[in-house]
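K.L.:
Using the hints, position chain P against chain Y.
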Amino acid sequence: MTRLAIGGNPNAGKTSIFNHLTGTVQHVSNYPGVTVERKEGTARFNGRRVAVLDLPGTYSLTAYSLEEIVARRAIIDEKPDVVVNVVDASNLERNLYLTVQLLEMEVPLVIALNMIDVAEKRGYQIDVDKLSSLLGVPVVPTVGSRGKGLDRLLEVALNVADGKVNLPRKTVTYGHEVNREIERLAGVIETFPDIATRYRPRWVAVKIIEEDDALAAEIRRMTDDETADRIASEATRSRTAIEQHFDDDAITLIAERRYGYAAGAIKESISLTGEARQHKTDQIDSVVCHRLAGPLLLFGVVAALFFFVFKVSDEWRWVPWFGGWISPTGFMQWIFERLSEVSGGLESRMPVLHSLVDDGLIGGVGGVMGFVPLIFFLFLFISFLEDSGYIARVAFILDRVLRAFGLQGKSILALIVSGGLGAGGCAVPGVMATRTLREEKDRLVTMLVVPFMNCGAKMPVYAMLIAAFFTRHRTQMMLLLWAISWIVALCAAWVLRRFVIRGEQTPFVMELPPYHLPTLRGVLLHTWERTWMYVKKAGTIILAMSVLLWVFMYFPQMPEEEIQNLEIQGASANQIASEKLAHSLAGRVGTALEPISQWAGFDWRTNVALVGGFVAKEIVVGTLGTVYAMGDVSPEETESLSDRLRKDPDWGPLKGFVLMLFVMLYAPCFVTIAVIRRESGTWRWALFSTLYSTSIAFVLATLVYQIGKWIS
Amino acid sequence: MTKTLFDLVTGESAIITRLQRDGESGIRRRLLDMGVTRGARVYVERHAPLGDPVEVLIKGYHLALRMNEARKIEVSQEEV
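So the protein lines, in turn, are chains Y and P. If you use the working numbering, the first sequence corresponds to residues 1 to 712, in order. If you use the working numbering, the second sequence corresponds to residues 1 to 80, in order.
The following block holds chain Y by itself, in its conformation from the complex:
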């Protein structure tokens, strides 16, 4: 099968061309070991099947970002039969900079001159044949969003792949002095077959002159030290020669020469009638980025996002179901409730199996699937904002504020989705929303602080404890909790950036792309991909952890005689459930932790509830209900438990507050942890997140409890 790779700048319309070529049959995965998305699909042309790979969007092919390294490796290692370089016709100079680098790599190339309609509207007249002969590459004008010119593009690309196109090849030139050093160095490299068979010697020469560390490291891995040292010293010699001649560094010179090459081709093939300004974008930006209107609008958009996502997925009942109406999340719950009923038949005959199926599997998988509508609608909204160009403006407006804490402008979305506005929210889509951050370190820090926000699952716990101890200060207490969550998150970000995820802050040099109306198809595809990835990957991990936690709370079982003894003594079913839980591993862990946890005022009962809260924080309420022998308290009706705690002499406002604080800050629920694992690429950060947040929670809880006790 012919293999085709699509490369190009971000915002050049690569994705819409990919979508049109491959239809809906796409395969999304990650490149091995990194969180860069890899998209593949199959195109058909005259009955011929073509494997299409969508390379990550990059501005360059130096080793600046993960995307650039990945795109470069894919081209070198997978040797596609043809590379389609999508360029934005209305922004040719910068787009052709990447083209020049593809020419340097001497890959079989076709240029898709995309968004040609926009360019023409803005007054550019492009002589396509001239451009093609100047670059030595076939050029096909396209309008990706409407699928125009794509048949022709595919035809030409296949001709290139088959070797049927014979345009005279052009070699990129860098001016006499630099060329001479490149030729000399290429000659040296040619004498080392292990390198020369894998890379084009001339390309290697250019790269190592411009101090490409990633390539230098790869060469060192491929050959013996002697060869690598020889090449390195030859490169230094060339670099010194160039720098002495021009009194400037080689990096700058080569980049400028590339731009010069692109500019030269443009000068001869494009004429401009009228003015090359993006009027619509300018007008929109004069509001969106305005000193006052900008932040206000941003607040409105964020509020709308919040409103829309949670209302549509969870609160509004708009899905017709058996003559009535339910919400999408309600629909998911309905399915799992029915499944739970079906499994009920097992209860009397095989109680252990029933408990495993009902509490472990259905409970666990149901928990994951319950988030699916939320994630779907969140990504629908975010994909729309992203494709339209607004997210880049968000980053622009907020960068200054969040940078002070080691985050960046785009982090705000993740924080707000996670519950940053103070009511509801969820860290699971929050962690996934960090995908809009391209800078690995900033993304990691954001991911690690997002779970501190007050998500919807913490609300039942707060509601129960506020009802027990702070009935008269309900609003103040909620405000306090909201403020604490932001303070801790921002401080944690600052500390993490300073001591854990160190390194210079990634420079913020970002394109503000022209606005355009996203296509429904593009947004839906994008949303679907991300939702499906969540279901697939997080689902498997969560399933395993649910079973583990079930085992934890179910075994070892109390001996049958003891249960009978309790029954004879007249214990209620609720009391027996409480005793059973105390007997289980979870109960024992709770007891074992008591000596430590009592510093923060928690006895074994609270500990068990907190262990349960690891599954989902609202379970703290249910489990507290069970250990206080009240039966399973549902998160919606917590009054009885509140009463019980208020009357308990062991409890008091201080203990209540400390528990709220702890629930807010300790380990994220395991769905979140599974998603952190997925999004960060390693268990290391998932584990780190669990441990560091629990430590912060414990230290703060202890501090507040001890100080509170001392004062009273």
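Note that these hints are calculated values from the structure, not bench results. Heads up, some of the hints might be wrong.
Stated by the list, open to error - In silico SDA-like pairs for lysine to any residue, Cα to Cα no more than 20 Å straight-line:
#, chain 1, residue 1, chain 2, residue 2
1, Y, K280, P, R46
2, Y, K267, P, G60
3, Y, K267, P, G39
P.N.:
Using the frame of chain Y, we list chain P on its own:
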């Protein structure tokens, strides 16, 4: 004192004369990749609400960068 992009106010334009070489090469490489090269014309479109970052028009497109980076880009306003 050499003038840098940092010193320009909204609505001003200038020609880039040099990228300062201090610090590591990563940021300079990035700026070069994005088209901030000698001889290119920059037009200061606007500043973010808190004055930082700055948005410029360069090579026909809009680029946002922080003031820290702008300080390393030397410019000249003398028309050639």
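K.L.:
Each hint needs a verdict: does it hold in this structure or not?
P.N.:
Evaluation of the provided hints:
1. Y:K280 to P:R46: holds, 16 Å
2. Y:K267 to P:G60: Status holds; Cα separation ~14 Å.
3. Y:K267 to P:G39: holds, 16 Å
Taken one by one, the earlier hints all hold for this structure without exception.
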